[in-house]
Amino acid sequence: MFTKTRRSEQNMGQILTGVTPDPTNTAKMADAGHTFSFADVDAVGLDLDHTLCRYKVAETFEMIYDSMSRYLVEEHKYGEEMLRPFSEDRDFCVKGLLLDALRGNFLKFAEDGTILRASHGTQIMTEEEITAIYGDEKQWKHFAELKGKFENSDKYHLYENYFDMPGIVLCARMVDNLEKNAESKGKQKTKMCKMWRDAIDAFNNAYKPEAFAAHTGGYFPAIKDKPYMYMHKCSEDIRRWLKELRAAGKAVFLATSSCSDYCDHIARKVLGDEWKDYFDVIVTNSKKPGFFSEPPNKRPFYSVVDFQEGTKVKELERGKGYAQGNWQTLMILLRQLTGKEEPKVVYIGDSLRSDIFPPKKFANWSTILICEEMEAEGMEEDRTQNGPATKRARYSENDYDPASKAILVSDMWGPFLTDRSTSGSEVVTVCGHILRSSADICVPHLDYLAGLPLDHKFTTFKDSSSDWAGFHPGKPRSLRK
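Residue numbering for the sequence shown follows the numbering used here, starting at 1029 and increasing by one per position.
Don't read these hints as lab results, they were simulated from the structure.
All C-beta atoms, glycine included, are put in the ideal place defined by N, C-alpha and C.
There could be a bad hint or two in this list.
As the list claims (entries may be wrong) - Lysine-lysine pairs mimicking DSS-like chemistry, simulated, CA-CA at most 27 Å apart:
| no. | residue 1 | residue 2 |
| --- | --- | --- |
| 1 | 1372 | 1348 |
| 2 | 1166 | 1222 |
| 3 | 1084 | 1261 |
| 4 | 1389 | 1368 |
| 5 | 1208 | 1219 |
| 6 | 1348 | 1177 |
| 7 | 1084 | 1222 |
| 8 | 1297 | 1315 |
| 9 | 1084 | 1304 |
| 10 | 1169 | 1222 |
| 11 | 1342 | 1389 |
| 12 | 1342 | 1326 |
| 13 | 1169 | 1105 |
| 14 | 1348 | 1368 |
| 15 | 1342 | 1297 |
| 16 | 1084 | 1254 |
| 17 | 1217 | 1177 |
| 18 | 1389 | 1315 |
| 19 | 1304 | 1271 |
| 20 | 1271 | 1388 |
| 21 | 1177 | 1485 |
| 22 | 1271 | 1261 |
| 23 | 1433 | 1261 |
| 24 | 1183 | 1261 |
| 25 | 1261 | 1304 |
| 26 | 1271 | 1175 |
| 27 | 1271 | 1297 |
| 28 | 1208 | 1236 |
| 29 | 1177 | 1105 |
| 30 | 1315 | 1084 |
| 31 | 1342 | 1315 |
| 32 | 1261 | 1177 |
| 33 | 1105 | 1222 |
| 34 | 1236 | 1215 |
| 35 | 1368 | 1236 |
| 36 | 1304 | 1236 |
As the list claims (entries may be wrong) - Just the calculated beta-carbon pair ranges, DEER-fashion:
| no. | residue 1 | residue 2 | range |
| --- | --- | --- | --- |
| 37 | 1167 | 1108 | 35 to 43 Å |
| 38 | 1254 | 1333 | 26 to 34 Å |
| 39 | 1495 | 1257 | 36 to 44 Å |
| 40 | 1254 | 1277 | 34 to 42 Å |
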């Protein structure tokens, strides 16, 4: 059992007012930040979707696209060509593209904001077309805002997670459809505003929380009817690893933006009916990144009863589930569970925007990114870096699904971490910059952590011996030139 400790009024006030913790706490994670080990942390947090629950990329993307495109054709009268299979344009899809929504252009950025590649709809733009719109320097005027906050707006959308990415093909085809539809002739901005409003409507129809219970929207019915067509069960290594973390005295928590009914459904499928026993506390509908970025007085926790959000909760208890909330109030519970005044926390997730950038910036937590592109590209494993071989910690290129690889690796756009400038030099993309500045380490999926002992030391992206030392078990092939 964990021992609860009482915190001073002064420290309690700091948490409730959102004062940033001592930045030296991050450096204490291990060896001045150059290595990371689960043995050195006090609390471990996990995201659910695409982290604890690993989806089948090819099948899920096709299903998401199909549900959204049918909605657009039936409700917004888009052309039947929208119903073509997602896979026909799968090479157009890659993590890290940004939609300039008011122009219908997709942009790929270097870390300094230079546009490396672009398209209008599905049509690749020439250098001349790019400079005609964005100037000779090929700079997008909202880039500083994007890089500083790393959040989306009504003017643009960065596609950096697997729930969003089918929308790349969806929106590109919508632009194509509107451009050639005689009835949509008019000002460019008017047409693109319609495209973006309709796209948001299609996303909301698929993912709105009430659609799970109502069995509507396309996405939730498919997941409920044929769960293992779209997801993998957690391995025995992952189950054992979760138990080992708690047995070693770590507080383990689940923090997901999924609502409680969907979370329960998914967790039962991947972990079993006793899934709650793996965690000290469960947070659903956390609405990341706001869970980290917004002040706690605007983000209260709520009780959850029969999958419905109830009354506001001021103090959290071990063994219970809550909704919404903020990291500061969660930290109060973690202090009680660990008996540490400043517990060292690591959070594991797949989204740069929701799971990696904000907990590092606002909470000074360590972060681990789940990135399947590593396996999709292929990796050259560094065996000296990763220690003894285990069943799942070792990589075999033949393990990765070819259909999923065809989606996550794009010849049209190039790798999502780096690219070539017009002069031919290699440059880091904006997603590459956020990854290595905000994540401590990066692995293809959770088994690569669960397959190693808790005291294993991983080199981090802070290791000066390499710009990309935090990839485990090895760098993606696009980085090993």
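Next on the checklist: Hint compliance check: list the failing hint numbers for this structure, sorted ascending.
Outcome noted: Result: hints 6, 7, 13, 15, 21, 24, 26, 28, 29, 32, 34, 35 break, sorted rising.
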